[in-house]
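In case you want the letters, here they are:
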Amino acid sequence: MPAVAETIETVQSVQEGGYKWGFETDIEMEFAPKGLNEDIVRFISKKKNEPEWLLEWRLKAFALWQKMEEPNWAAVSYPKIDYQDAYYYAAPVKKAGPKSLDEVDPELLKTYAKLGIPLKEQAILAGVEGAGESPADSGRMPVAVDAVFDSVSVATTFRDELSKHGIIFCSISEAVQEHPELVREYLGSVVPQGDNYFACLNSAVFTDGSFVYIPKGVRCPMELSTYFRINAKSTGQFERTLIIADAGSHVSYLEGCTAPQRDENQLHAAVVELVAMDDATIKYSTVQNWYPGDADGKGGIYNFVTKRGACRGARSKISWTQVETGSAVTWKYPSCILLGDDSVGEFYSVAVTNNFQQADTGTKMFHIGRNTKSTIVSKGISAGRSQNTYRGLVKISPKAKGARNFTQCDSLLIGDQCGAHTVPYIENRCITAKVEHEATTSRIAEDQLFYCRARGLNEEEAVGLIVNGFCREVLKELPMEFAVEAQKLLAISLEGSVG
Amino acid sequence: MLRIEGLTAEIEGKQILKGIDLEVPKGEIHAIMGPNGSGKSTLSYVLSGREGYDITGGSVTWNGQDLLAMEPEERAAAGLFLAFQYPVELPGVGNANFLRTALNAQRRARGEKEVDAMAFLKLAREKLKKLHMSDEMLKRNVNVGFSGGEKKRNEVLQMALMNPSMAILDETDSGLDIDALRIVSEGVNALRGPDFSSLVITHYQRLLNYIVPDRVHVLMDGRIVRSGGKELAEELEAQGYGQASAA
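Residue numbers (this note's numbering), protein chains in the order written: chain B, 1 to 499; chain P, 1 to 247.
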């Protein structure tokens with residue numbers, strides 16, 4: 001079919017310019033010396049004025065990490081990472097105290113503008129006192145933003161509004177200073193230091209991230225959002241996010257990520273821990289758009305992320321929704337530990353790979369409590385020469401009477417040089433549990449494209465429509481504004497993937 | 001006016017159209033009848049721009065424009081509509097969203113103002129009512145889980161919304177019961193007028209009782225072998241293609 005030949009050509013011709021967030025911001029940075037050793041760990045801890053217990057915690061992680069080996073079981077391949085050839089601390093130089101936002105480098109603000117951060121919050125970042133503390137006047141739902149630039153949180157918006165409800169939303173560095181008891185209790189309680197190689201590295205060198213605490217019975221009145229941006233060269237980004245939803249509370253949290261275009265690969269190894277108590281709900285949505293590398297597979301972010309939520313309380317619920325379009329290599333399995341009886345875990349995922357991108361992503365659902373329920377819906381879209389793997393584990397313990405899981409994995413192939421793989425593991429030790437798994441693999445059929453074109457859509461519009469239809473079950477889980485952004489992103493990521 | 005001159009086309013080296021000459025003046029409905037394998041569907045796909053067909057000779061002009069040089073979506077925007085013999089399913093794509101996206105893509109291409117969601121809904125409901133179809137049609141995914149008859153009705157709904165100046169109906173009557181056939185025919189007849197022309201491709205004379213053609217052409221082995229008035233269809237029905245084409 002001529003369509004296929006053209007597909008290949010077009011995929012090959014996808015330009016670097018396809019990534020529109022690939023700019024670099026020229027701002028004054030403060031770096032720790034390159035490389036990784038105990039002194040660097042101490043440097044980071046000192047720089048952040050951390051208490052002794054946290055330094056000890058980091059050092060323990062570092063000691064563990066030195067004895068660990070990088071995992072190689074994922075269906076991804078990349079050159080060996082030289083962990084000594086990176087900076088582990090890079091922070092925008094602050095010209096004054098951290099509290100005054102008008103001290104923020106204007107270049108930084110320009111960056112946020114370019115990123116299209118949903119900032120009416122721009123005004124707040126620009127230092128206009130009280131701006132944005134009332135709900136946005138544009139008629140939109142306000143979104144509180146914590147912006148993390150390289151390793152350091154630079155601004156958090158809507159704080160006063162949130163604090164009226166007793167909600168804490170700040171950078172994790174601030175939380176360490178102001179709410180050490182909470183951080184100490186929960187940090188590493190879901191993802192322990194020695195959990196895996198990348199989480200362990202993160203535990204030793206994490207520099208910032210977001211912290212959220214929702215008190216008992218509080219329904220967070222707005223979406224909380226963190227924008228992560230890697231900017232500095234040869235910098236690893238190791239952010240750490242901790243969200244605690246106390247009994248009966250509810251929170252929806254959004255995470256967006258971008259990075260500049262660079263020839264060399266950059267490492268991103270984040271850890272996200274979620275804790276939901278009785279009747280609490282956490283909805284965690286990610287639109288991941290790290291730089292994926294160019295059309296020849298050069299550059300791009302290595303995204304090795306550990307995300308896990310613990311449904312500790314009865315009837316608690318944790319829902320992960322992710323739209324993964326960026327990164328050269330993605331290694332990510334947002335998981336749920338369903339401890340509380342009747343607790344619910346959900347994982348909705350769209351992973352798009354194009355050119356030479358590789359994604360090995362999925363989820364783990366650990367059913368421990370009775371009548372625990374989990375739902376997994378994974379949509380993988382592969383184009384170009386990319387490889388896209390769903391890897392999932394559903395583990396049901398003997399005590400998890402009446403546990404239920406439903407898994408659906410669908411793969412869509414565009415062109416004939418990409419790969420889609422599904423690796424579902426099921427371990428059921430409970431006779432009353434019910435586990436269902438469905439999987440499909442399909443292509444965008446030539447007749448679907450022609451049908452759309454015969455109705456007036458051009459080829460890219462047609463692909464966008466078909467792909468969005470394919471992902472609909474996942475996209476509908478995203479908060480409204482994010483869903484619109486995600487739909488556009490899907491279309492952009494696949495631009496030129498069909499001839 | 002659609003003018004086809006000496007059109008030859010092949011698929012994977014096999015010649016299917018062997019020199020077609022045909023004119024459909026503005027305001028007329030022409031029927032093309034022929035046995036299986038005579039090239040009827042190939043003709044409809046070549047006219048609407050489907051990939052995979054090599055056009056080896058001849059020309060097609062549409063209101064003076066070189067139709068063969070246009071992309072499928074450009075042909076759609078220029079007013080050409082193909083009602084598919086086998087309408088395609090688009091899982092997860094809502095019918096209303098699809099129809100509005102398509103309509104607006106065409107309007108954009110013509111430099112017209114796009115239709116917003118409310119105005120579209122109003123327009124769609126109007127058309128549905130005319131065609132005796134339920135609003136449910138809009139809520140479902142494009143052709144997913146539709147019966148054969150529903151799929152064809154959906155084609156007619158699309159045609160009514162796009163309001164084309166030239167509609168090619170590719171065996172739209174196949175697999176339809178008599179009620180569905182009537183609805184589909186009413187859809188075409190509603191568009192009938194001095195600015196609308198149509199090429200009705202069919203295997204059976206039955207459809208032509210409802211959509212009465214101005215001219216009937218017999219397609220055999222990639223060529224038009226006979227043309228005549230509407231009575232030719234009846235003759236074909238009575239005598240079969242072998243006899244009629246030899247006459």
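Watch out, some of these pointers could steer you wrong.
Heads up, simulated DMTMM-like pairs for lysine to aspartate or glutamate below, C-alpha to C-alpha not over 20 Å straight-line [unchecked claim]: (1) B:Lys-488 x P:Glu-114; (2) B:Lys-488 x B:Glu-460; (3) P:Lys-18 x P:Glu-51; (4) B:Lys-488 x P:Asp-116; (5) P:Lys-113 x B:Glu-461; (6) P:Lys-151 x B:Asp-447; (7) P:Lys-151 x B:Glu-446; (8) B:Lys-476 x B:Glu-346; (9) B:Lys-46 x B:Glu-70.
Just so you know, these hints were derived from the structure itself, not from any lab.
Structure-based check of each hint:
Distance restraint check for Lys-488 (chain B) and Glu-114 (chain P): the Cα-Cα separation of roughly 19 Å lies within the 20 Å cut-off, and the hinted pair is therefore satisfied. The straight-line distance between the Cα atoms of Lys-488 (chain B) and Glu-460 (chain B) is roughly 12 Å, inside the 20 Å bound, and the hint therefore holds. Between the alpha carbons of Lys-18 (chain P) and Glu-51 (chain P) the distance comes to roughly 19 Å, so the proposed pair stays at or under 20 Å and holds. Straight-line distance between C-alpha atoms of Lys-488 (chain B) and Asp-116 (chain P) comes to about 19 Å, which keeps the hinted pair within the 20 Å bound.
About 18 Å separates the Cα atoms of Lys-113 (chain P) and Glu-461 (chain B), which keeps this hinted pair within 20 Å; it holds. In summary, the hint linking Lys-151 (chain P) to Asp-447 (chain B) is supported, as the alpha carbons are separated by about 15 Å, within the 20 Å threshold. For the hint pairing Lys-151 (chain P) with Glu-446 (chain B), the CA-to-CA distance comes to about 19 Å; that is within 20 Å, so the pair holds. Proximity of Lys-476 (chain B) to Glu-346 (chain B) is assessed by CA-CA distance (about 14 Å); at most 20 Å being required, the pair is judged to hold.
Restraint check for Lys-46 (chain B) and Glu-70 (chain B): the C-alpha separation of about 28 Å exceeds 20 Å, so the hint is violated.
Hint compliance for this structure: hint 9 alone is broken.
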